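Student: Produce the entire structure from the sequences given, and follow the hints as far as they go.
Chains as they are written, first to last, in the working numbering: chain A, 102 to 320; chain B, 7 to 481.
Among these hints, one or two may not hold up.
Pairwise CB distance ranges (calculated) [claimed, not checked]:
1. B:Phe197 to A:Val128: 24 to 30 Å
2. B:Trp107 to A:Glu192: 54 to 60 Å
3. B:Gly57 to A:Phe189: 25 to 31 Å
4. A:Arg113 to B:Thr110: 37 to 43 Å
5. A:Gly152 to B:Thr110: 54 to 60 Å
6. B:Val291 to A:Ala245: 55 to 61 Å
7. B:Pro272 to A:Lys151: 19 to 25 Å
8. A:Ser107 to B:Trp107: 46 to 52 Å
9. A:Glu186 to B:Val291: 52 to 58 Å
10. B:Asp129 to A:Lys151: 31 to 37 Å
11. B:Gly93 to A:Ala200: 56 to 62 Å
The list that follows gives simulated cross-link-like pairs (lysine-lysine, DSSO-like), each with its CA atoms no further than 30 Å apart [as the list claims (entries may be wrong)]:
12. A:Lys155 to A:Lys174
13. A:Lys307 to A:Lys184
14. A:Lys204 to A:Lys151
15. A:Lys310 to B:Lys445
16. A:Lys184 to A:Lys170
17. A:Lys241 to B:Lys445
18. A:Lys196 to A:Lys184
19. B:Lys170 to B:Lys100
20. A:Lys307 to B:Lys445
Hint data in this document are derived by calculation from the structure and do not stem from the laboratory.
Fair warning: this is a prediction, and the values are worked out from it, not measured in the lab.
By construction, the Cβ of each residue, glycine as well, lies at the ideal position given by its N, Cα and C atoms.
Chain by chain, the residues:
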Amino acid sequence: MAQNHSVWTSIRFWRQSAAWVTGFAVVLLILLTFDTMGQITMGTDADLQKGITKRVPAPTVINYHIGYKFSEKRGHEVPVIGKKEPFFGKEWSPKEAAALLHKGKLTEQAKNCMDCHTLLGNGAYYAPDLTKAWIDPKWKSMMAMTGKKTREEAMAEFLQHPERYPTHARRMPNLKITPDEAKALVAFLKHMSSIDTNGFPRGFSKGVKEFEAGGTYAH
Amino acid sequence: MLTSIKNHNLQYETQKLGMMYFRVAIILFGAQLLMGLIAAIQFMYPSFLYGIFDFSVARMVHINALVVWMLYAMIGSVYYMIPDETGLEAVGIKLGKLAFWVLTLAITIVVLVFIFIQIGPGDDSTIWLINEGREYLEAPRWADYGIVVVVLIFYYNVFFTFLKGRRTGVMTVMVANLLALAGLYLAGMFFTDNISVDQYWWWWVIHLWVEATWEVFVGTLAAYALIKIIGAKREIVEMWLWIEVLMLFGSGILGLGHHYFWIGTPEYWWEIGALFSALEPVPLVAMFVHVLYDWGKEQGAHGEKPAIKNGPAMAWIVTNAFGNFLGAGIWGFFHTLPQVNIYTHGTQFTAAHGHLAFFGAYATILIGMMYLGIQGAYGIDRMKATFKSKMAIFLITFGVLGMAVALTIAGYEQVLVERAELGGGWDAFFTAQNLVWMKQAMGWRTVMGVVTFIGFIYLVWDLLTIGKEESENNQ
Numbered sequence: 102m103a104q105n106h107s108v109w110t111s112i113r114f115w116r117q118s119a120a121w122v123t124g125f126a127v128v129l130l131i132l133l134t135f136d137t138m139g140q141i142t143m144g145t146d147a148d149l150q151k152g153i154t155k156r157v158p159a160p161t162v163i164n165y166h167i168g169y170k171f172s173e174k175r176g177h178e179v180p181v182i183g184k185k186e187p188f189f190g191k192e193w194s195p196k197e198a199a200a201l202l203h204k205g206k207l208t209e210q211a212k213n214c215m216d217c218h219t220l221l222g223n224g225a226y227y228a229p230d231l232t233k234a235w236i237d238p239k240w241k242s243m244m245a246m247t248g249k250k251t252r253e254e255a256m257a258e259f260l261q262h263p264e265r266y267p268t269h270a271r272r273m274p275n276l277k278i279t280p281d282e283a284k285a286l287v288a289f290l291k292h293m294s295s296i297d298t299n300g301f302p303r304g305f306s307k308g309v310k311e312f313e314a315g316g317t318y319a320h
Numbered sequence: 007m008l009t010s011i012k013n014h015n016l017q018y019e020t021q022k023l024g025m026m027y028f029r030v031a032i033i034l035f036g037a038q039l040l041m042g043l044i045a046a047i048q049f050m051y052p053s054f055l056y057g058i059f060d061f062s063v064a065r066m067v068h069i070n071a072l073v074v075w076m077l078y079a080m081i082g083s084v085y086y087m088i089p090d091e092t093g094l095e096a097v098g099i100k101l102g103k104l105a106f107w108v109l110t111l112a113i114t115i116v117v118l119v120f121i122f123i124q125i126g127p128g129d130d131s132t133i134w135l136i137n138e139g140r141e142y143l144e145a146p147r148w149a150d151y152g153i154v155v156v157v158l159i160f161y162y163n164v165f166f167t168f169l170k171g172r173r174t175g176v177m178t179v180m181v182a183n184l185l186a187l188a189g190l191y192l193a194g195m196f197f198t199d200n201i202s203v204d205q206y207w208w209w210w211v212i213h214l215w216v217e218a219t220w221e222v223f224v225g226t227l228a229a230y231a232l233i234k235i236i237g238a239k240r241e242i243v244e245m246w247l248w249i250e251v252l253m254l255f256g257s258g259i260l261g262l263g264h265h266y267f268w269i270g271t272p273e274y275w276w277e278i279g280a281l282f283s284a285l286e287p288v289p290l291v292a293m294f295v296h297v298l299y300d301w302g303k304e305q306g307a308h309g310e311k312p313a314i315k316n317g318p319a320m321a322w323i324v325t326n327a328f329g330n331f332l333g334a335g336i337w338g339f340f341h342t343l344p345q346v347n348i349y350t351h352g353t354q355f356t357a358a359h360g361h362l363a364f365f366g367a368y369a370t371i372l373i374g375m376m377y378l379g380i381q382g383a384y385g386i387d388r389m390k391a392t393f394k395s396k397m398a399i400f401l402i403t404f405g406v407l408g409m410a411v412a413l414t415i416a417g418y419e420q421v422l423v424e425r426a427e428l429g430g431g432w433d434a435f436f437t438a439q440n441l442v443w444m445k446q447a448m449g450w451r452t453v454m455g456v457v458t459f460i461g462f463i464y465l466v467w468d469l470l471t472i473g474k475e476e477s478e479n480n481q
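Tutor: As structure tokens, this is what we get:
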């Protein structure tokens, strides 16, 4: 309509407003993306040694104990990277740890974990969330079931032969995971549990504590 | 089977190509529902097809068939509207037809590999040839590149026809939005060891599709359809379309932040995500009001007969206006604030929202476009809804709404028991899954899934026959 008397019914006005608003939103998103990328890029091994906290730590975080504790300051739980501990009986060099994590991430995708489980809360809702799977108290009973001495060995055994260790009617299928892939997957899960997820899942550490004290919901 | 739909009243090859896309879309829609039924049964009886066709496979094909049928129906809709809007046959239509066959062949191979090979070893070969293992973007990398080539051809068809022909406001929005929609796919085409970075870009594709560019696409289709079906005034429809673009992009682009609460990204996304995603329902209300306003106006004052040229298409578009608001707007807003989302993230709440939103916002209007296509293909002046049309829309809408309600109840229970009470983890998860409330909800979900599937059978039956029946009635 050429003869427009009010700006509110002018197509030109709304077209220009749409362009400006969209442009502004896109520019803001790009700026925020740069900042976020800086904050979620993996840290280095040196950061870990100096005790510098990164939102996503270096792959060598698998050489450390990882906890999940309530932070008064932040009002929710945060991952706590503790003392060094062996992972599959050894300390992994930065190069070895990076290669292991790479293999673990590839395996996670190749076995399509995300279409049953959630990772960082995203995926399917047929099986437990894996965000903090490394610190799940379940691995204690799984160590007894599999007859393994360490958590990582129990996890690797379970991942290779889940059909042998059913806990419920809903079972994980055998995904032909090799021993190397299983080890890498456990490294991937341990690394993921060290990511600062702003307190998700909330209350996970409480569950761990209750379970370790005799448990109210284990069955 | 679907070749029984005749094309001979369509003057443009471009529109015939659109109909070809619609045919594949409806087949994939059926595949999506079948896979959903398998997955729903597995929730109730976990040993069903265990080790043969596991939940992960059914679920993967379920969501990929969904995305692909919608993309097919979207591409089909664009081809269908090009001649109407620009007044021309699409530039390079022969190449466009070739691209259709290439894409359909590629999709067939991808689906067969998903179904029969399912998974591969943990190395690059699996990512490239079998399965990328990233929800919604499971298509292997070779297919990603194939899709890019086909989409480039499609965009060439659309863009050069737009340049040559009439440049309506509807087509302007379509052309600009399609560029963003297609370009975003590239954000999902790389591998990284860093799961946080992975999910950051993964959401660029998923969110900026379904909560930004796809929504604008729907607004554009609704504008075109309202002009076509009820003869709505182009000036008013196009003005509304620009307002919708403003509000949809204004809220949806930064609404992306609501996916960045818990994936390792900084806390400032809480505020940004909460604010902008809370605004996302606003344009959906506007779209609803707009459709009803135009409809009411065209119903005619002074006792004139309503001038709806395509009954079933109009019914689906009104369902879209309401379903988009309800499924995307209300069900999305339920759990978009971080204070709520920390408990609901990754539960059946998300599944409830996903079912109702994909249906309400997208399935509805795309089915409406198929009815428009049938009307054109048979050259029917005024196409009325048949008994089958009514059964289809009633059963599908009732079924999906029922599934969403059942999943909401399941999600509510899961949130309270697994998350709030027990704090998450393996035993917390199964405690919640094994409670009778969850089991009942999953039972009702399956029942409602069957209702939806019966509605789908009516829909296909109607699409196959309404053209012939109505063209005979009109004579």
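Student: Now look at each hint and say whether the structure bears it out.
Tutor: Evaluated hints:
| no. | hint | result |
| --- | --- | --- |
| 1 | B:Phe197 to A:Val128: 24 to 30 Å | 28 Å, holds |
| 2 | B:Trp107 to A:Glu192: 54 to 60 Å | 56 Å, holds |
| 3 | B:Gly57 to A:Phe189: 25 to 31 Å | 28 Å, holds |
| 4 | A:Arg113 to B:Thr110: 37 to 43 Å | 42 Å, holds |
| 5 | A:Gly152 to B:Thr110: 54 to 60 Å | 56 Å, holds |
| 6 | B:Val291 to A:Ala245: 55 to 61 Å | 56 Å, holds |
| 7 | B:Pro272 to A:Lys151: 19 to 25 Å | 21 Å, holds |
| 8 | A:Ser107 to B:Trp107: 46 to 52 Å | 51 Å, holds |
| 9 | A:Glu186 to B:Val291: 52 to 58 Å | 55 Å, holds |
| 10 | B:Asp129 to A:Lys151: 31 to 37 Å | 34 Å, holds |
| 11 | B:Gly93 to A:Ala200: 56 to 62 Å | 60 Å, holds |
| 12 | A:Lys155 to A:Lys174 | 17 Å, holds |
| 13 | A:Lys307 to A:Lys184 | 21 Å, holds |
| 14 | A:Lys204 to A:Lys151 | 27 Å, holds |
| 15 | A:Lys310 to B:Lys445 | 28 Å, holds |
| 16 | A:Lys184 to A:Lys170 | 15 Å, holds |
| 17 | A:Lys241 to B:Lys445 | 28 Å, holds |
| 18 | A:Lys196 to A:Lys184 | 20 Å, holds |
| 19 | B:Lys170 to B:Lys100 | 17 Å, holds |
| 20 | A:Lys307 to B:Lys445 | 26 Å, holds |
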